[in-house]
Amino acid sequence: MTLNCSVHNCVYNTSGTCYAGSIEILGSDATSTKNTTCATFTPEDSNRSFSNNTSNTFTTSSDIKCKAKKCTYNSDYICTATNVHINLNNACCDTFICK
1 MTLNCSVHNC VYNTSGTCYA GSIEILGSDA TSTKNTTCAT FTPEDSNRSF
51 SNNTSNTFTT SSDIKCKAKK CTYNSDYICT ATNVHINLNN ACCDTFICK
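The numbering of the sequence shown is this note's numbering, which starts it at 1 and goes up by one.
FYI, nobody ran anything at the bench for these hints, they're computed from the structure. In this text, all values refer to a predicted model and were calculated from it rather than measured experimentally. Each hint should be verified, as a subset may be incorrect.
What the hints assert, rightly or not - Under the rule of at most 27 Å between Cα atoms (straight-line distance), these lysine-lysine pairs were calculated in the BS3-like manner: (1) K34 x K65; (2) K34 x K99; (3) K34 x K69; (4) K67 x K34; (5) K99 x K65; (6) K70 x K99; (7) K99 x K67; (8) K70 x K34; (9) K69 x K99.
As the list claims (entries may be wrong) - Just the calculated beta-carbon pair ranges, DEER-fashion: (10) D45 x N4: 30 to 36 Å; (11) D45 x C98: 31 to 37 Å; (12) K99 x E44: 31 to 37 Å; (13) S22 x N90: 29 to 35 Å; (14) K99 x P43: 17 to 23 Å; (15) D45 x S75: 18 to 24 Å.
For glycine and all other residues, C-beta sits at the position ideal for the given N, C-alpha and C.
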């Protein structure tokens with residue numbers, strides 16, 4: 001299970017790999033990718049402190065809490081997709097497929 005992130009200006013992204021530990025995808029009424037978003041996305045220029053929030057291991061798709069209820073891969077708010085891609089534009093979930 002892999003998570004690839006194209007949002008290069010996120011503090012958790014290192015060369016396309018997410019080190020947030022876990023992420024949350026929003027879009028409870030989403031019917032397409034553009035209606036989803038990674039709520040964990042935080043711009044590099046953010047004033048928040050991340051010393052306790054980053055993980056030493058990369059985030060996998062099993063570490064995704066998904067609130068996109070209409071997504072094929074959402075099983076009780078857990079992502080079951082084998083490979084997940086977070087898009088550069090609006091940090092949306094490219095893996096989203098509407099049921």
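Each hint tested on the structure:
no. : hint                  : in the structure
1   : K34 x K65             : holds, 18 Å
2   : K34 x K99             : holds, 15 Å
3   : K34 x K69             : holds, 15 Å
4   : K67 x K34             : holds, 14 Å
5   : K99 x K65             : holds, 18 Å
6   : K70 x K99             : holds, 6 Å
7   : K99 x K67             : holds, 14 Å
8   : K70 x K34             : holds, 13 Å
9   : K69 x K99             : holds, 9 Å
10  : D45 x N4: 30 to 36 Å  : violated, 23 Å
11  : D45 x C98: 31 to 37 Å : holds, 34 Å
12  : K99 x E44: 31 to 37 Å : holds, 35 Å
13  : S22 x N90: 29 to 35 Å : violated, 20 Å
14  : K99 x P43: 17 to 23 Å : violated, 32 Å
15  : D45 x S75: 18 to 24 Å : violated, 35 Å
Hints 10, 13, 14, 15, counting from the list given before, are not met by this structure.
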